[in-house]
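Starting from the known structure of chain A, arrange chain B on it as the hints suggest.
In order, the protein sequence lines correspond to chains A and B.
The C-terminal position of the first sequence is numbered 1507 in the working numbering, with every residue numbered one higher than the one before it.
The C-terminal position of the second sequence is numbered 1507 in the working numbering, with every residue numbered one higher than the one before it.
I should point out that these hints are in silico values taken from the structure, not numbers from a laboratory.
Do not take every clue at face value.
Identical copies look the same in the list; a pair holds intra-copy or inter-copy alike.
Derived lysine-lysine pairs resembling DSS-like cross-links, with alpha carbons at most 30 angstroms apart [as the list claims (entries may be wrong)]:
id, residue 1, residue 2
1, Lys1181, Lys1018
2, Lys1181, Lys1019
3, Lys909, Lys1279
4, Lys993, Lys1181
5, Lys1019, Lys993
6, Lys1018, Lys1456
As the structure is a computational prediction, the values presented were derived from the model and not from experiment.
Protein chains: 2
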Amino acid sequence: MQRTVRFLPDDVSISAEAGENLLDVAARSGMYIPASCGGDGVCGKCKIKVLQGEVSLSQQGLVSDQERSEGYSLACKTTIVSDLTIEVPVRSKVAGRDLKRKPKTTRAIPARSLDSLVGSWEIDPPVEKRFLTIDPPSIEDNVPDMQRLMRAIKKGCYECAEPTYDHPELLRTLPFVLREGNWQVTVILLRGKRAEEPDRIIGIEPGDTTGRFYGMALDIGTTTLGGVLIDLNTGKVVAEASVYNSQIGYGEDVISRVIYSQRPGGLKALQEKVVYSINQIISTICASASIVANDINYIMAAGNTIMSHLLLGLDPKFIREAPYVPICNQMPLTRAAAIGIDAHPSMRLFLYASVASYVGGDIVSGVHACQMYKSPALTLFIDIGTNGEIVVGNNDWMICSACSAGPAFEGGGIKYGMRASSGAIENFHIDPLTLEPMIVTIEHTKPRGICGSGLISIVAELLEAGVIDQQGKFDRSLQHARIREGVDNYEYVLAWAQDTLIGEDLVITEVDLDNLMRAKGAMFGGYVTLLESAGMTFADLERVVLAGNFGAYIDLERAISIGLLPDIDRERFFYIGNASLLGAQISLTDHKRFRERTMVSSLMTNMELSESPQFMNHYMASLFLPHTNMELFPTVAQRLAEI
Amino acid sequence: MQRTVRFLPDDVSISAEAGENLLDVAARSGMYIPASCGGDGVCGKCKIKVLQGEVSLSQQGLVSDQERSEGYSLACKTTIVSDLTIEVPVRSKVAGRDLKRKPKTTRAIPARSLDSLVGSWEIDPPVEKRFLTIDPPSIEDNVPDMQRLMRAIKKGCYECAEPTYDHPELLRTLPFVLREGNWQVTVILLRGKRAEEPDRIIGIEPGDTTGRFYGMALDIGTTTLGGVLIDLNTGKVVAEASVYNSQIGYGEDVISRVIYSQRPGGLKALQEKVVYSINQIISTICASASIVANDINYIMAAGNTIMSHLLLGLDPKFIREAPYVPICNQMPLTRAAAIGIDAHPSMRLFLYASVASYVGGDIVSGVHACQMYKSPALTLFIDIGTNGEIVVGNNDWMICSACSAGPAFEGGGIKYGMRASSGAIENFHIDPLTLEPMIVTIEHTKPRGICGSGLISIVAELLEAGVIDQQGKFDRSLQHARIREGVDNYEYVLAWAQDTLIGEDLVITEVDLDNLMRAKGAMFGGYVTLLESAGMTFADLERVVLAGNFGAYIDLERAISIGLLPDIDRERFFYIGNASLLGAQISLTDHKRFRERTMVSSLMTNMELSESPQFMNHYMASLFLPHTNMELFPTVAQRLAEI
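Just chain A, with the same shape it has in the complex:
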């Protein structure tokens, strides 16, 4: 239910959902309200006054009865019920300054744009369940069980090729299944990879089981695995689950996993761990959909090249060493049970092909989902993570690359960096006059670190408030308790010790800023290099597609402010969510879309940025906020000039 929240005295209105937290909505709208405890309700600073409308309150101990009766409440413990008019008390507001900040609109765009990008797809999966009534054998007609089954499958289709089968288990159980079902059975057919290839029988069940027909789309991320169970009869999602990749204990990023894989037994351990995580997802979605693992008839998965190697037990050793050679890009179609996945022995696990060592099947699946390979519109596809991956192109060509962005956006290399989980600062504003912070954490606990979206917010806000300069250095002339020379270097105190979960001052340092600049510089340098190699500039870009979980939380304006995203018309940005999972889901549901995937990877040409002098130049030029060449960032230049 959409509600409108109007903040006075600035008169900023924003759309929000009934049930949303008021502090979150204020932060999203760019409305500064002081808040030190992340939304935990204990600092008592985020008091606002409800002038009009209905709210639901909790934990307002720090608000006096008197204040309450006047309509005051803690924004962080106030939930939106109806349309609201809110007064932000003057003491937490400096008139005239915040108005310059436009309300953030990142969330509004993707909702509108997703469909136009990915289009619709048919419910016509690459697997098929078919109920068959078979003539029982007689002495006049005693052809073997398998031939009898084939005959029933081909019935009425004389030009059809004979289906194949290759799993010995199928043959072993066949006679018993046929007789148990009294010659009525359901076969599970895997369609040929190409139209002219014969179907393949991958399963047979007694009786009519066509009603139970499920597939799982799976995104195998370095950090997180996400699974979606699809009812292949309806195309509907019936269950979802996500778990941390259990490999994390062996290293947070792919490189540490590769290093671990070189230990004795390391490769096996890593394979077992990721299989364990997949099995966790299967058990969760099966429980939630009240089915058993055997009811899942296909897994369509996507993962980066190293994850794909580790899952299949392929040694990724040479991916890490120049010239960075994977064993294969095209991953063999695998029987899931053969690698330990809890699945019917005949069930197939498909993995999207990679393009190169650092442009994996997850990116191919994402490109496949957004269909940039079908449109003449020049599109920039961005997946920001430990390794940022970039694809530029259209229906004629695509160039892709991985940028060694480093793990800053996942909390790596940042003193108090952390993954996006409970207690991570995810949104941040600064009062330009008092330089006091407004911090909002995930799950509204006291803060204990900074996640990627928080980091972008913090840096953008510090920059626009003049606390740091365009080189990422603190203004040492500022006299403020929160700005100080810390152990490492200059730093800004985001939260004092008593307001945190970690019992120490939570700061952002100049070293953090350096790392952030390198991360975003690598991404931006990548865009420019790829575009340039095709003789293009940002002006030619018709669309920028943000993929990945992280993309969901990026504040477009701020990401542009720090130079992570190009400063182009905001309407050209699209957020596609977990594109890798979406691609797998589409492939699972529509075999025609599935067959297109070979076109996707064949159109994608990898460029090794690490060896490109052009990239090095663009990267160096990007180590600035937002960039040394401010002509590339006209709106940011204007905003900074207005400070």
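Structure of chain B alone, referenced to chain A:
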């Protein structure tokens, strides 16, 4: 070295090899020499006189010095050196009678005919080893190892389809093999089953290993397994081995094996046993050829339907129950290691397709070897064993069937029946006047039983000597110590207790004769039924091909005498040996011949004789020696009339 042996006073000459045993040669020529101890040198009855030529003697203790100086020796301990003239002493000879017997010529025919039947084949195997020099990866060209390998395989062949691969182990070892070989490797390719199918990479080895390239042809018999190792570079046989099927402990015939398979763990035990036997063969031929099991790049095997099922772990339950349905005829191409065979993990085991439950891949392989499907000449293909299998047809059509002949020819249902091994009576003559026997055993020991060829000899001789009549009944009017009423019924004493290894009188009984007649009657009834169903008679038959190990020892004239084989021009009979093994061997060496095999099985139509009233009639008519309708056996009729 061919020698001529001339027997006087009958003046019968026969070709023999230098080194052959004189008693064997005499028996083969139809020359009666009394012999009770099977050739053991202990009865002393087979004394002959060497009139001319050189012989080599052993163990002549029963010949006096006087006799020796006159040229006498025991035929069973006399070895042919040069051309010989031999006098058979008159006391063991009744003039005028033996002359009617023509020398047996069975052995002479196959030698002449084998080539004309099977033709020649090319050395162009369905597997290929190819040495490749691969460009090492560089930063400009860092495609994955597998893609790099594919590129090298396809080099210079732009229209070639990309090879496939499916074995995970191949991918796992690929990067290390490439680097160990310093980018020089040998790939093992499996050609597509059809010309248009892409090749499949089944192995890769560092360096140039094209010189070590072997395949094994394998005949998986119910009783015996035979293996032949072929050097696939030359097509030459480099080693051979045969072992008893270790499943024998679980039953002598396929039906007892099926029954055993239904016990808990029975199927698994039977699979393990046959795999054990295959591994025995592999270890023997590897030792003899000084190679390792991993050097064998392909196994081409043939076995009957039940053996094929058991080897693959497929439950043969429904083969035994009407309507006799196997799980499959087309056996899936299997990785040998997956079922426990000592082989490289990627090595394929091919099994010839069956036609029906009782017409298996061994018969298809045999038909494939003799190429009756290529000739317009109407051919009868016969494999005599526990289940006699028959195929009739030509290049347009083939009908086949199994006859439940029973195990008489393998010693089953015969009081002193045994398999063809040491001590088995394999040849037999009777003195038509004295009715005293001449028995020759395998390995010339004292007799301990009767094998199939011996049984045919005995029955034919007893018939032609008038000891039994055409109904298989003893002439009760004959007064002779050897012809008596035994425990079961009338019997003939082949050897007295003291002359045997078993310490009791070794006899053939009327019950044995009944069983023999049923066995041969089922075969003959089968020929007639199949021919009749195609509107043909024996007169239309241009060729009769005898396959199987047993075929090698059949005495053509005697087999016709008892009605096991049709009474047609002897020149039309061909002996092809172990046709099943030969077919596998040809397929292994020449992929074009291999590809023809699908035509073979598709041309073969199975007929279930057990349910055919026509068959029952023909079978009943065949329960006679040789047949109730003597017009079918003109030469036998003439011979019997001359007695």
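Report task. Mind listing which of the numbered hints don't hold for this structure, in increasing order? Result -> none
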